[in-house]
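**Student:** Given next are the chains, with one letter for each unit.
Protein chains: 2
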Amino acid sequence: MKLTKREFLQSVAAGAALSGLGAELRAAARKRDYLRISCEEAFSTPEVVAELSRLAGSVPSMKSGPIAGPFMPNLLDIGAGRITNMDADGVDIQVLLLTSPGVQIFAPDTAISMARDINDRLADAIKAHPTRFAGLATVAPQKPEETAKELARAVSSLGLKGGIINSHTNGEYLDDKKYWPILEAAQALDAPIYIHPRDPSPSLEVPLTVPGFEVSWGYAVETGTHAIRLIGGGVFDQFPKLRIVLGHLGETLPFLLGRLDNRYRWQKDLFGLKSLKRLPSEYVRDNFIVTTSGMNYSIPVKAALEALGPDKVLFAADYPMEVQKDAVDEMEAIDISVDLKKRIFETNPRRVFKI
Amino acid sequence: MKLTKREFLQSVAAGAALSGLGAELRAAARKRDYLRISCEEAFSTPEVVAELSRLAGSVPSMKSGPIAGPFMPNLLDIGAGRITNMDADGVDIQVLLLTSPGVQIFAPDTAISMARDINDRLADAIKAHPTRFAGLATVAPQKPEETAKELARAVSSLGLKGGIINSHTNGEYLDDKKYWPILEAAQALDAPIYIHPRDPSPSLEVPLTVPGFEVSWGYAVETGTHAIRLIGGGVFDQFPKLRIVLGHLGETLPFLLGRLDNRYRWQKDLFGLKSLKRLPSEYVRDNFIVTTSGMNYSIPVKAALEALGPDKVLFAADYPMEVQKDAVDEMEAIDISVDLKKRIFETNPRRVFKI
Numbered sequence: 001m002k003l004t005k006r007e008f009l010q011s012v013a014a015g016a017a018l019s020g021l022g023a024e025l026r027a028a029a030r031k032r033d034y035l036r037i038s039c040e041e042a043f044s045t046p047e048v049v050a051e052l053s054r055l056a057g058s059v060p061s062m063k064s065g066p067i068a069g070p071f072m073p074n075l076l077d078i079g080a081g082r083i084t085n086m087d088a089d090g091v092d093i094q095v096l097l098l099t100s101p102g103v104q105i106f107a108p109d110t111a112i113s114m115a116r117d118i119n120d121r122l123a124d125a126i127k128a129h130p131t132r133f134a135g136l137a138t139v140a141p142q143k144p145e146e147t148a149k150e151l152a153r154a155v156s157s158l159g160l161k162g163g164i165i166n167s168h169t170n171g172e173y174l175d176d177k178k179y180w181p182i183l184e185a186a187q188a189l190d191a192p193i194y195i196h197p198r199d200p201s202p203s204l205e206v207p208l209t210v211p212g213f214e215v216s217w218g219y220a221v222e223t224g225t226h227a228i229r230l231i232g233g234g235v236f237d238q239f240p241k242l243r244i245v246l247g248h249l250g251e252t253l254p255f256l257l258g259r260l261d262n263r264y265r266w267q268k269d270l271f272g273l274k275s276l277k278r279l280p281s282e283y284v285r286d287n288f289i290v291t292t293s294g295m296n297y298s299i300p301v302k303a304a305l306e307a308l309g310p311d312k313v314l315f316a317a318d319y320p321m322e323v324q325k326d327a328v329d330e331m332e333a334i335d336i337s338v339d340l341k342k343r344i345f346e347t348n349p350r351r352v353f354k355i
Numbered sequence: 356m357k358l359t360k361r362e363f364l365q366s367v368a369a370g371a372a373l374s375g376l377g378a379e380l381r382a383a384a385r386k387r388d389y390l391r392i393s394c395e396e397a398f399s400t401p402e403v404v405a406e407l408s409r410l411a412g413s414v415p416s417m418k419s420g421p422i423a424g425p426f427m428p429n430l431l432d433i434g435a436g437r438i439t440n441m442d443a444d445g446v447d448i449q450v451l452l453l454t455s456p457g458v459q460i461f462a463p464d465t466a467i468s469m470a471r472d473i474n475d476r477l478a479d480a481i482k483a484h485p486t487r488f489a490g491l492a493t494v495a496p497q498k499p500e501e502t503a504k505e506l507a508r509a510v511s512s513l514g515l516k517g518g519i520i521n522s523h524t525n526g527e528y529l530d531d532k533k534y535w536p537i538l539e540a541a542q543a544l545d546a547p548i549y550i551h552p553r554d555p556s557p558s559l560e561v562p563l564t565v566p567g568f569e570v571s572w573g574y575a576v577e578t579g580t581h582a583i584r585l586i587g588g589g590v591f592d593q594f595p596k597l598r599i600v601l602g603h604l605g606e607t608l609p610f611l612l613g614r615l616d617n618r619y620r621w622q623k624d625l626f627g628l629k630s631l632k633r634l635p636s637e638y639v640r641d642n643f644i645v646t647t648s649g650m651n652y653s654i655p656v657k658a659a660l661e662a663l664g665p666d667k668v669l670f671a672a673d674y675p676m677e678v679q680k681d682a683v684d685e686m687e688a689i690d691i692s693v694d695l696k697k698r699i700f701e702t703n704p705r706r707v708f709k710i
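Taken in order, these protein sequences are the chains called A and B.
With the first letter of the first sequence counted as 1, position 28 gets the number 28 in the working numbering; the numbers rise by one all the way through.
With the first letter of the second sequence counted as 1, position 107 gets the number 462 in the working numbering; the numbers rise by one all the way through.
No wet-lab data here; the hints were simulated from the structure.
One or more of the hints may lead you astray.
[As the list claims (entries may be wrong)] With a cut-off of at most 30 Å between alpha-carbon atoms, the simulated DSSO-like pairs for lysine-lysine come out as follows:
no. : chain 1 : residue 1 : chain 2 : residue 2
1   : A       : Lys325    : B       : Lys629
2   : B       : Lys657    : A       : Lys341
3   : B       : Lys596    : B       : Lys697
4   : A       : Lys302    : B       : Lys696
5   : A       : Lys302    : B       : Lys623
6   : B       : Lys680    : A       : Lys277
7   : A       : Lys274    : B       : Lys680
8   : A       : Lys268    : B       : Lys657
9   : A       : Lys302    : B       : Lys680
10  : A       : Lys302    : B       : Lys697
11  : A       : Lys325    : A       : Lys342
12  : B       : Lys680    : A       : Lys268
13  : B       : Lys623    : A       : Lys325
14  : B       : Lys632    : A       : Lys325
Make the full structure from the sequences, and use the hints.
**Tutor:** As structure tokens, this is what we get:
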């Protein structure tokens, strides 16, 4: 970011950068000692929309995806309109990522070439608004070696902060070694990979298709399963410094830490499994970071803070699929200290994404 | 129970009923003002073991089930040996249930006739130790009408406290209307149904088969999915007084209440779904009860108490698959009031299971 925090806060106080703010919110912004950085904020491009629409007939379950929703104008706007909404909602910086399912259902060559184009466009949008946007590189796991190189370019040359992968690719998860070049690159770049939900892999689909619950439950199962496969597949023994970001407060994993360890030890002793180097909870605590997207609620936020510690929880609104202002207000209303809020809204996002 | 609580506590103080207790634990039992009732405690019968063994060649994934473990002697003992262990571990009453997967992988006629036999034997074991055991009736969903009648017999004539169903039956869930006679009977009897985990339904199996995590994650996904299907399938609109018990602190649902409501409303409005009568969280709070089996850990216990209220959380150890004494000690070590512990250990189990 080109402005220092001090300069930014000064500009807030002057009413310049956040001219869209109402008087009440402006007063609040003057008072708070932290920026609000929101870490799972979606966008799209006309080319992605066109390709998704072309495939729609042959893609089984886009129904719950944002592409069918009324979000298109907000998804396609990574400029002034989005900033106006951020100002109105009290969000200072958005970390942008291509909306689910990314380019992962496209033909491999299309996916990798579109990923390059998307990353360039995203970098341009950030360049135009360097105090308001940061972003994650689109990854095309269909081409592991090429996409690892593109991730390196996106981080090192374009200044993007990590990569975004929407759970499975053709029903496969990143514990499959063919995808490990991507993880190796992420570790080498010290760039986190955000594993975002998408419609469940084909074999999970039937039991999880419950109208009204495909997102809240189905997405959590799909993405939590991905995280468990990474742990169980020994990914973090191979890449001990790899950092994985999960949305939705960790897709229920913070609720399960004690049981993950207990039953892992039990199954290991009982069946003589090949041992992981560490306990499951240690990987969750050391290799994962979680955002509050869609989960800005007191009970799970406090549980996640207690389970993972104060430095592993980052604010996210999940714009435009969630109401951004509600997300901000809900997080601010949680009965935790201002110090914790500052970490969640600013300190942790800055450290994790090097903003 | 034939003894009043007062009589029972007096017998404890006299060292009569709990003669196996060490001096330290006996002193503690004298001091505490509640019994410890443990609500998800497994048993088996030689006939069930024989039938499971006969099928083992054709059953895909018994590996993580207790049948392969070193638990057989404890599973088969529903008499003096079990009580000795309960005394040593500080558990006053066990609510017994046939271990997973119940009779649900047996041929329908075998399943229903074995269920009747198991329920008779369980009733006999309880009769022999009425101050130490209560039990749930084995259900054979393969025969919905017959098993509904057997549930009525088990509750009304045998004094069992409800029914136990181990998640899916042949890949189907209880939202399938062919199983609703069972739910109708349970509601009419005011008898709760305990939905216990088992190996995931066939289509969930591939992504969830992660060595060391089939139980902690796979079971939670399987059983949580079952609960979500009941809600989404309108079961509680049809049977508003039906009570469902989930183990493992509700298979992550208490962590997700806010998001379940938020995304349900969103999907309903977006896609014009047929409406449920109430919000998802209202069904979870009103129609579900959770036990602490395998989850006697501070963070999720406190989150579940806050999410569901003080009257919906019941102690369970998951004997003999978990270390019963650890479960007791872990629950006692949680920093909550004695009043809450009394509810979790005694008041709530008594109310839910009419003990």
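**Student:** Hints first: check each against the structure and report whether it holds.
**Tutor:** A quick look at each hint next to the structure:
no.: 1; hint: A:Lys325 <-> B:Lys629; result: holds, 28 Å
no.: 2; hint: B:Lys657 <-> A:Lys341; result: holds, 21 Å
no.: 3; hint: B:Lys596 <-> B:Lys697; result: holds, 25 Å
no.: 4; hint: A:Lys302 <-> B:Lys696; result: holds, 21 Å
no.: 5; hint: A:Lys302 <-> B:Lys623; result: holds, 29 Å
no.: 6; hint: B:Lys680 <-> A:Lys277; result: holds, 28 Å
no.: 7; hint: A:Lys274 <-> B:Lys680; result: holds, 28 Å
no.: 8; hint: A:Lys268 <-> B:Lys657; result: holds, 29 Å
no.: 9; hint: A:Lys302 <-> B:Lys680; result: holds, 28 Å
no.: 10; hint: A:Lys302 <-> B:Lys697; result: holds, 25 Å
no.: 11; hint: A:Lys325 <-> A:Lys342; result: holds, 17 Å
no.: 12; hint: B:Lys680 <-> A:Lys268; result: holds, 21 Å
no.: 13; hint: B:Lys623 <-> A:Lys325; result: holds, 21 Å
no.: 14; hint: B:Lys632 <-> A:Lys325; result: holds, 28 Å
Going through the hint list in order, the structure satisfies each hint without exception.
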